[in-house]
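Chemist: Here are the chains, one letter per residue:
Number of protein chains: 2
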Amino acid sequence: MFNINNFLHSGALGPAAEWKGYPKYNFIGGHNDDESIPIKSLKDSIDNIILKEGKTLAKYGLESGPQGYLTLRNFISLQLNESASIKCSEKEILVVSGSLQALDLVNQTFLKKGDTVIIEEENYGGTISRLNRLGVNMVGVPIESDGMKINALEEILKDLKSKDIKPRYIYTIPTIQNPTGTIMSVKKRKALIDLSKKYEVPIFEDDCYADLIFDKERPPAIKSFDKEGYVIYCGSFSKSIAPALRVGYLLADWHILSRILPYKTDAGSGSLEQMALAEFCKSNFNSHIKLLRAKLKHKSDTICNALDKYFGSSADFTKPNGGIFVWINLPETVDTSRLYDLALKEGVAINPGSEWSINTSGKHKMRLCFGNPSTKEIDEGVKLLAEICQKEFGVPAQIANS
Amino acid sequence: MFNINNFLHSGALGPAAEWKGYPKYNFIGGHNDDESIPIKSLKDSIDNIILKEGKTLAKYGLESGPQGYLTLRNFISLQLNESASIKCSEKEILVVSGSLQALDLVNQTFLKKGDTVIIEEENYGGTISRLNRLGVNMVGVPIESDGMKINALEEILKDLKSKDIKPRYIYTIPTIQNPTGTIMSVKKRKALIDLSKKYEVPIFEDDCYADLIFDKERPPAIKSFDKEGYVIYCGSFSKSIAPALRVGYLLADWHILSRILPYKTDAGSGSLEQMALAEFCKSNFNSHIKLLRAKLKHKSDTICNALDKYFGSSADFTKPNGGIFVWINLPETVDTSRLYDLALKEGVAINPGSEWSINTSGKHKMRLCFGNPSTKEIDEGVKLLAEICQKEFGVPAQIANS
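Chains P and Z, in that order, are what the protein sequence lines are. Heads up, the first sequence is in our numbering, so the first residue is -19 and it goes up one at a time. Heads up, the second sequence is in our numbering, so the first residue is -19 and it goes up one at a time.
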């Protein structure tokens, strides 16, 4: 028998486990609300566009070239102007296969092993794992309720400069930060641009959740304050329309984008999905987003109520401003990595904070995603989690209705 | 202004050029026949499946996990059994974003800079460029009309063994080899398996064109003779249905696939495309392929006739057995890299042989793809190419009708 172990280099990734289905109470992953998938209008949009332009599927990249379907890029450009105050042209947009590909492309362009990047110290697990895998040093900036602590960032920039270390970029999720859910103030956004210019470090702005603010006004993107090309911006339709559609986008000045594009060697992202989205978004994006936000807000209320009910004061969290997750600080007796293992055995999946922070700040925290489970599952799952937590860690001391 | 040049590492890829549209006579790229896109039945298939299963788009990976849409994997497994005599289960299949992702995933798993692989010396440009970029040494095996020269392969394997070099895999496109169009005989397929076992080197079988044999019978895949897990197999729907749908697949024993899967960090390939294909293929795959083959055969005849007509005996080629390209040997006076530059200025795009071979064997050769241009464009384009060739290289001496 062929033995792959003789062919793997040291440093090969460990084997994947066989997939056994989702846990009963699944509070992980960026899945969204089942009922909010706009099935009927997606179908109608696809019908229209495929009858009109289906022939173009015979070409890689349709008739639009390697940057992605032109009609979709036009929509993105209009939408970014309207919702995030970004003035850009379709020529500065690269459609990618989900924002994860955006991360990979930017990393391939900018990073080599041993490089340094600056990121919010509590951060998206997929960003942290990518940077770890690349052997890149992460310097963490603490986060306040109005976003990245700017003074701390300047200290870091100064310190690195004094050590002659040139950080490759400052990565930030300014709007509904993952996992903290914070929204960076306009003042800080402007300050970030100033620091970026002063220290000549580009900003990588990941705005994947920005469409999902519940009530507050969406602030202008950092990119909107960028007059000198310091910001590389990415967004996605995964969170606003459907995660299984793998369509996101990168936006940067052409002299930057033209250096990123050569790393996209997949002969284009899925065109049917791009066509479907472009046609759908044209007349349905804003109305759809409004309904989705209301649905997610209801689920957010549900999980916050369940946390209050079953965890009481043991669960310390800020009510989400939008998005699909809540970031919870538990008492110091609770090691959430251990809680993760125990809960999974009982059919409850959570994100332990240690995977969502680059230092020890996440040890007693957890991220719960509420987009996909039903309100009933949210309530039951949080209750079960509280019971497991109580049994193992004695926290919470008492559980309502149990 | 931000200057990206200060942030690029040595070895960064050169900048992309702005896309200016396709050349008038486009004989490059795996584009397919416009008229053969099954628009109506694709639309009907999408309608059915999205109404039935659209809600699952709310989940990354639908309800199928990281290996891709289960219904599609089931179809692939049945189809490979029927058409290529491969017995496999859906558990051994990984749906990927086009076979290019399959190449990247296998390369990420198996290769490091300085490694050695064995490939057919005239080969797919995308494979050659990938291996070059990785800094991998390619050892080339000559190709005969019935596929890879097996004696030469054994000499190479012996030689490498004597030098204590362990090739990481033998890459082959056995069925309608790209660019030569050859089909490997069953006898050689079996011999390849024997050598693979004897020298303990896995085979990477790229079978992307196998659905497009015009008249001959499709031989069993090399994978079908593999009892001990030596073969990693990949296929695609790009050539059989539509290039712009980015859906391909990898097939390997689970103990191999489980080591490849962790490198797929894109949260799954496009699900709408997978759903559309699965639903479409269920009842339409065989009938569609039959029509497509007939259409491509007609275009193949057209380009062969045009080559005879305008190039006469200067163009030496074997009439394609299938697929979408013809591989042409021109007289030694013709440098096809130079012809490429000249022709592009006149609106004719060709693949110069130097990009499709790992040694000098391609210097006077060119690949012309005939899937996408109309029969009229094929005739006009080949005529124009002959005129350019004549003007620059004095070959062909005479051109019919000009």
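Fair warning: there could be bad hints in the mix.
If chains are identical, the list can't say which one is meant, so a pair holds when it fits in one copy or spans any two.
What the hints assert, rightly or not - Calculated pairs, DSS-like style, for lysine-lysine (alpha carbon to alpha carbon, straight line, at most 30 Å):
hint : residue 1 : residue 2
1    : LYS356    : LYS35
2    : LYS289    : LYS146
3    : LYS146    : LYS20
4    : LYS35     : LYS270
5    : LYS138    : LYS262
6    : LYS20     : LYS32
7    : LYS167    : LYS277
8    : LYS270    : LYS170
Rather than coming from a laboratory, the hints here were simulated on the basis of the structure.
Chemist: If a hint holds in the structure, say so; if it doesn't, say that too.
Modeler: Okay, the hints, checked on the actual structure:
| no. | hint | in the structure |
| --- | --- | --- |
| 1 | LYS356 to LYS35 | between (45 Å within a copy, 18 Å between copies) |
| 2 | LYS289 to LYS146 | neither (48 Å within a copy, 62 Å between copies) |
| 3 | LYS146 to LYS20 | neither (50 Å within a copy, 55 Å between copies) |
| 4 | LYS35 to LYS270 | between (34 Å within a copy, 18 Å between copies) |
| 5 | LYS138 to LYS262 | neither (46 Å within a copy, 61 Å between copies) |
| 6 | LYS20 to LYS32 | both (19 Å within a copy, 11 Å between copies) |
| 7 | LYS167 to LYS277 | within (26 Å within a copy, 64 Å between copies) |
| 8 | LYS270 to LYS170 | within (28 Å within a copy, 60 Å between copies) |
Checked against the numbered hints given earlier, the structure breaks hints 2, 3, 5 and satisfies all the rest.
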